[in-house]
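Just so you know, the protein sequences line up as chains Z and F, in that order. Following the working numbering, the numbering of the first sequence begins with 1 at its first residue and continues without gaps. Following the working numbering, the numbering of the second sequence begins with 1 at its first residue and continues without gaps.
Any given hint might turn out to be false.
For chains that are exact copies, the list does not tell them apart, and a pair is met inside one copy or across any two.
Each computed DSS-like pair below joins lysine-lysine, with the alpha-carbon atoms no more than 30 Å apart [what the hints assert, rightly or not]:
| hint | residue 1 | residue 2 |
| --- | --- | --- |
| 1 | Lys17 | Lys185 |
| 2 | Lys400 | Lys270 |
| 3 | Lys345 | Lys242 |
| 4 | Lys244 | Lys400 |
| 5 | Lys17 | Lys36 |
| 6 | Lys296 | Lys244 |
| 7 | Lys242 | Lys400 |
| 8 | Lys242 | Lys209 |
| 9 | Lys36 | Lys345 |
| 10 | Lys43 | Lys242 |
| 11 | Lys209 | Lys145 |
| 12 | Lys270 | Lys283 |
| 13 | Lys345 | Lys244 |
It is worth saying that the hints were derived from the structure and are not from the lab.
There are 2 protein chains.
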Amino acid sequence: MNELEQIERIAVRSPSKIALVVIDGLGGLPHPDTGKTELETAKTPNLDFLARNGISGLIEPLGPGLTPGSGPAHLALFGYDPFRFTIGRGILEALGIDFPLQEGDVAARGNFCTVNDAGVIVDRRAGRISDDECARLCQLLGHIKVDNLQPLVRPVRGHRFLVVLRGHDLHPDVSDSDPNQIGVKPNQIVVLSPEAESTAALVREWVNKARNVLVNSYPANMVLLRGFSRHPHFVSMSEVYKLKPAAIATYPMYRGLAKLLGMDVLDIGKQSSIEEEFDVLAKHYADYDFFFLHIKQADAAGEDGNFQEKVRVIEEVDAALPRLTDLQPEVTVVTGDHSTPALLKAHSWHPVPFVLSSRWCRADDVTEFSERACARGSLGRLPALAVMPLALANALKLTKFGA
Amino acid sequence: MNELEQIERIAVRSPSKIALVVIDGLGGLPHPDTGKTELETAKTPNLDFLARNGISGLIEPLGPGLTPGSGPAHLALFGYDPFRFTIGRGILEALGIDFPLQEGDVAARGNFCTVNDAGVIVDRRAGRISDDECARLCQLLGHIKVDNLQPLVRPVRGHRFLVVLRGHDLHPDVSDSDPNQIGVKPNQIVVLSPEAESTAALVREWVNKARNVLVNSYPANMVLLRGFSRHPHFVSMSEVYKLKPAAIATYPMYRGLAKLLGMDVLDIGKQSSIEEEFDVLAKHYADYDFFFLHIKQADAAGEDGNFQEKVRVIEEVDAALPRLTDLQPEVTVVTGDHSTPALLKAHSWHPVPFVLSSRWCRADDVTEFSERACARGSLGRLPALAVMPLALANALKLTKFGA
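Bound-form chain Z, shown alone (with noise of 0.2 Å):
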């Protein structure tokens, strides 16, 4: 039996309430100048206050040297093993951009690429096309028939876009067309399991045509197709944990996730700034009781690796943060997916400061919300898979195991 099995067998509907706050790449590296990280640096009364009165740690997204995407990061916050419950690279993209998924569907992740006239692949991403000349060519693309199916083809950004196959009996294992690298030609589709044999061939069908159309297009004159996937089912938070979850985030990536998992996704802007997020939170307090507030900018400010932009970030979501603790939630959690340290301007395997507020959560020695102090509060080094269990029991809605 695993985690989440059991978690469910002990799980009791009960009124207190749990919000978790995740400040998306929160953890980073001390700046050479001064010895001190983004958080380090940042003032943070409130989120000190929550440490001094909760207890601390630092969670591991995978596991010790594992540098976690998002996907598998936030996967891991909610309690779902992310090496158990995966997400194809296509479904991925789709979420990312809000695209309506529909039962049955095939999605990949394309790029377009530059091939010289043996066909071998000379640039991956075709010099990084504009998004209005990746919208430009999805629309062409869009035009192909194969058989009788019409592939959608949706633009992402840049030289990434999405193919959704939508039909009767598709089947997702289908090889992936992009090498990974220059210098070879695409490789040719294959099937995986013998279920799929139609699809391959679909999908042989439509990078030919693919091919044709784009030509003249130069850079962009060819396409690479990975992550062949379909939406997953995964069990949702309301049957494990019994809650009912919202979830508060501005990026299409995060609200198709949380929409994975069951939570209810509440309306705001693409642009909503932190405070209004929280207002969000605060708005519909009273119809759940569990919510996840997601802030992005923290991680594009160290994906920039701009380490005073992160500061800020951080400083705005302490100062917005008396929103939330004013309501007086049961258990108030805020801690990062992963680390994205300004320093490395990327995602890392460091990990990533914890805190937990509760009446009955046993408070520690710590008085800072701090990657140093973290390191010494009693939660020690805890698995992200930790955090959904700790949070329900500090809510009081786990009963016991076994007599």
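Following the hints, complete the assembly by docking chain F onto the known chain Z.
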């Protein structure tokens, strides 16, 4: 290969001695007036001395957020994975009243309950009838014959009783009749595997006859059965660990559990004091190399919400401790099976203070035995399953793994 089999391969017999003192429900929560837990409030010079000379940490019985029952919590302490080694409710109940189980017995936990004229359950506990009434009704039920079997019925406490089927070819894969809710009829008893066909028929017949016997015993006019189970055969601690283990415990459940793991259960009165438990240990010190000494009173005080009484019990253990340490066992461990904070009046998920003292332990900086101090100990958060390997290693009873 699982943990236990790994240890079995490297364990060796030796004259060194291990004492494991389990203060049931040891972990607590801070009193709102003082900010100190039960253990932090208690004056414990002898436990603090152990902490100064030992290594400390917090143990997780089942994992973050999970609250264990006494059975699983103790199995974990003894190195038996409680998710793998399960003990049925019926058997636990039998152990709890020192019922002499025989090979092949199938035991179930029974509740007297109240049903209305339509057979619908209106009270799952029959108004919590007295122990005397329970005993009287069990005697009536004990006369019931089904086929040529006469199931044994024993009172436990209040509305609780034990039924044991003793005969040939019995099988415990039979469903519960207890629906775990009111407003419905008892569940029909069905087979969960084909071998249990005849057992299920016997149980159905017994329940029908029980209903007739109880028809005038309102409010206890019906029975609910659950947890049909057989005495499990666990590999013994002497086989796995090459130990000669002894148990000192006053409560039947813990004595039964110890016996199940192959410990010699030493003679002691049910009403014995903590001091007397240590005296029994001292008396038999030469005869064994592993001692499990169980102190129930701390958990009982916690369950009663009696903070001061739990403090007093801990101080009583501390005062008696020199009777053990004067014997200078090679390894002394003091911990609990789980937390029972007086403020929660129940078992909880909080990790449990742990200290191990031995000549070879590589003592850390911890100078007192408390939740907060143990959180800073060099063992950090430790799964309870690690306790036995650690104790054996410190007693130099484990050889090298691999060349």
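Hint by hint, here is what the structure shows:
| no. | hint | verdict |
| --- | --- | --- |
| 1 | Lys17 / Lys185 | neither (55 Å within a copy, 34 Å between copies) |
| 2 | Lys400 / Lys270 | between (42 Å within a copy, 27 Å between copies) |
| 3 | Lys345 / Lys242 | between (38 Å within a copy, 24 Å between copies) |
| 4 | Lys244 / Lys400 | within (21 Å within a copy, 32 Å between copies) |
| 5 | Lys17 / Lys36 | between (34 Å within a copy, 26 Å between copies) |
| 6 | Lys296 / Lys244 | within (23 Å within a copy, 39 Å between copies) |
| 7 | Lys242 / Lys400 | within (16 Å within a copy, 33 Å between copies) |
| 8 | Lys242 / Lys209 | neither (49 Å within a copy, 39 Å between copies) |
| 9 | Lys36 / Lys345 | within (17 Å within a copy, 43 Å between copies) |
| 10 | Lys43 / Lys242 | neither (37 Å within a copy, 42 Å between copies) |
| 11 | Lys209 / Lys145 | within (9 Å within a copy, 72 Å between copies) |
| 12 | Lys270 / Lys283 | within (18 Å within a copy, 58 Å between copies) |
| 13 | Lys345 / Lys244 | between (36 Å within a copy, 28 Å between copies) |
Hint violations for this structure: numbers 1, 8, 10, all remaining hints satisfied.
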